[in-house]
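Residue numbers (the numbering used here), protein chains in the order written: chain A, 54 to 581; chain B, 1342 to 1596.
None of these hints come from the bench; they were simulated from the model. Hints may contain errors.
Said to hold, decoys possible - Straight-line distance between alpha carbons at most 30 Å, and here's what the computed DSS-like set of lysine-lysine pairs gives:
1. A:478 / B:1529
2. A:254 / B:1466
3. A:255 / B:1463
What the hints assert, rightly or not - Label pairs and their calculated CB-CB ranges:
4. B:1422 / A:577: 41 to 49 Å
5. B:1379 / A:261: 51 to 59 Å
6. A:479 / B:1354: 53 to 61 Å
7. A:245 / B:1429: 16 to 24 Å
8. B:1361 / A:148: 39 to 47 Å
9. B:1361 / A:151: 53 to 61 Å
10. A:259 / B:1584: 56 to 64 Å
11. B:1422 / A:259: 34 to 42 Å
12. A:568 / B:1379: 57 to 65 Å
13. A:177 / B:1422: 32 to 40 Å
14. B:1375 / A:493: 48 to 56 Å
15. B:1408 / A:331: 50 to 58 Å
16. B:1596 / A:334: 49 to 57 Å
17. A:237 / B:1424: 32 to 40 Å
Idealized CB from N, CA, C, for every residue including glycine.
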Amino acid sequence: MTVQVREHQKTPLWRNATVLKWAAQLFVLGAILAVFALLVSQALTNFASSDISFGWQWLSSPTGVQLREGIDVVPDSGARALLVGIVNTLRVAISGIFAATILGTLIGISRLSKNWIVNKIATVYIETIRNIPLLVQIFFWSALAVTLPALTADDVGEYFFKVSNKGFAFAGIFPGLGWLPWLMFVIVGFFVGRYVAKRRKKYQEDTGKPGHGGRYWFGIVLLSGIIGWFAWPLLGFMSHVFGAIESFVDGLPPVVFPIIIALAAIVGSMWWIRNFFESRRTPAGFGKMTDDDWFRVIFAGVSGVTVAVLAFVVGGFSLETVAGDTQSVAELIRTVIGNFFGWLSAAFAGDVSTIVAETQMRVREGGPLVFSKPAVVLLGAGIPQYARTGLVITVPFFAIWTGVTLYTAAFIAEIVRGGILAVPKGQTEAAQAMGFRRGQYLRLIILPQAFRIILPPMGNQYLNLAKNTSLGLAVAYADIVAVGFTIMNQTGQSLPVVVVWMAFFVTMSLTISAIVNYYNRKMMLVER
Amino acid sequence: MSDNGQTSERILGDPIVITEDVKKWFGDFQALKGVTATVREREVVVIIGPSGSGKSTYIRCINRLEAHQEGTIIVDGTELTNDIKNVEKIRSEVGMVFQQFNLFPHLTVLDNITLAPQWVRKRPKAEAEEMGMALLEQMGIPEQASKYPGQLSGGQQQRVAIARSLAMEPRIMLFDEPTSALDPEMIKEVLDVMKDLAASGMTMIVVTHEMGFAKEVADRVMFFDYGTIVEEGTPEHFFTNPQHDRTKLFLSQIL
């Protein structure tokens, strides 16, 4: 018996699923590019017709911006001011992420505690914090700090610890003369120590005798720190090396930099495509590529070429840097890279000026690390103020840091609780049945499994925290947003500043994502 | 020598698990209503009964995964009380195999087996691994040592779980429906391992629905219902001449 097929027709294009899918993909891609091009050209036209030009002069010209805190409170250019803002933002974001993780984990575990009081305290914390808008909380911490006693003329003097409505000041240890070469010694000691600790651990596993790996590690780091304290000038030759690199970079023709970026983009996309093909290769031979697979390959290739072309186009842009003086973007990149090596060169020479401006007061003599105490002094008009010594937690920093940390910790606590609860109860029972103690099985069995569940949502919280630092504007914390805002007001260049903001936040967020994804991939469970 | 009669050549030793009038409530539901039983060294006891009859709760009380509320449980001469030290001592002497295997999915098969000997028994890693490999050999799956549990079949996972318990060199093994989560063709490979274990003289308390295993291996069968032992005896007595109506009904339904 033969199967009857109705008269075989050629499928018309508008019914062909493959054609339709490709058309849709290309249409969306084209539409996005078109809208983007339209926006850019429209913006440029508008700027051309108005008095304000889309310019970048403010990057290198003095803006007159004064900052309340940071590595340089009177930056000599817009770029420098933004750098101070970036460092201030990162200060809150990075320390906040660590603090929120620790606090959130503790509260999350407390939420599961059988101890009634501990459990209820954690619950009240979470329910209070996460139900009040972050902005309100930031104002609350700021308002609370302002109620602290004011500094008076009687307070003038040095302290180990001082609280006032100008903030919290702590004595502390800070980088001093030769801190960078000294740090090199410590880093080398760290890796040598890690190697030795591994050997000791293996010895312990093989023989069952205590290996004291941790003690060896700590001892080696301490020893290299002590050696480095006196020996850091030996690394002075690195100053010449970096100095040579600096003059080499400065001597390069600017076109080298777009070439490097273009090459990196093309090599990167080729590498991605190669890996992609590799992943489709099976022992039985090359797997079948779907349409989506081909689209991804094409998209990767097109992106690489686009970035490469853009590198040359953007690299060739001339920016009016100082009034009347123009510099291409490529030259600007050269300057930034050259300056970085210049900074390294100076740091290895033990040049005091490499140490951030805020700490210059504390840097005199002493060595790579300097102990510094906060002091209250009278400013010109007789107003008592913290001197620029010690570690001063200003009220804006306190408000934004406490705000984002406590807020994010509440969400992290819920994620940790959920992660631990998601580990099947059988895991605990199996561990108990084998005689593990609570601390042991939590550490060896439950937390490693909870960690895999926790990581992806934890990454989201880190991104939220990093982005929420922009609320520091509300309490006049000198982060990148506040600094940019000031520049905007003084120069009228709103779009360039916004572009810098966006570029910074995208870079920061993608970096955080990349780190979290890296750990996530490393931690993935092997399934069948 | 045994008044319970014997189906194998194993010579039973002294009582090793003694439970007297053990009672246990979950909220207002009474799971155990006074269970009195004694298990002797090298004895294989099979517990059967309908679901919810308290048989799992009973063996989970023996290593205190559940705490009993009334009565006495003495394991290898140590009474189970709130004394944490006693609980730890007993848990390291009583191995347990679960229905859902409960292997640690983030560790390799060999690490699953060597973790407890290293951390609880403080064995050097090399020694623990040597022993772990020997146990995997015994289970017939030495080639799976470096795989992760997720890559193994159910029967293989359960055999790893048995090896993991044996690595602690327990004096008593508890089995909580070890074959209930397995495909029919994998049940045999697990039961074979359990038979070998019984023949080697291990004291075993097995909750199972495998009547074939009970007939062939058990020294004694206990029938649980509503939190009490309704009837117990040798497999011969139990399967050919049950006394209680409830036992007869149960057997008629499952055989």
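Going down the list of hints, with the structure as the test:
no. : hint                       : in the structure
1   : A:478 / B:1529             : holds (27 Å)
2   : A:254 / B:1466             : holds (10 Å)
3   : A:255 / B:1463             : holds (15 Å)
4   : B:1422 / A:577: 41 to 49 Å : holds (43 Å)
5   : B:1379 / A:261: 51 to 59 Å : violated (38 Å)
6   : A:479 / B:1354: 53 to 61 Å : violated (32 Å)
7   : A:245 / B:1429: 16 to 24 Å : violated (40 Å)
8   : B:1361 / A:148: 39 to 47 Å : violated (60 Å)
9   : B:1361 / A:151: 53 to 61 Å : holds (55 Å)
10  : A:259 / B:1584: 56 to 64 Å : holds (60 Å)
11  : B:1422 / A:259: 34 to 42 Å : holds (39 Å)
12  : A:568 / B:1379: 57 to 65 Å : holds (59 Å)
13  : A:177 / B:1422: 32 to 40 Å : holds (36 Å)
14  : B:1375 / A:493: 48 to 56 Å : violated (35 Å)
15  : B:1408 / A:331: 50 to 58 Å : holds (56 Å)
16  : B:1596 / A:334: 49 to 57 Å : holds (55 Å)
17  : A:237 / B:1424: 32 to 40 Å : violated (55 Å)
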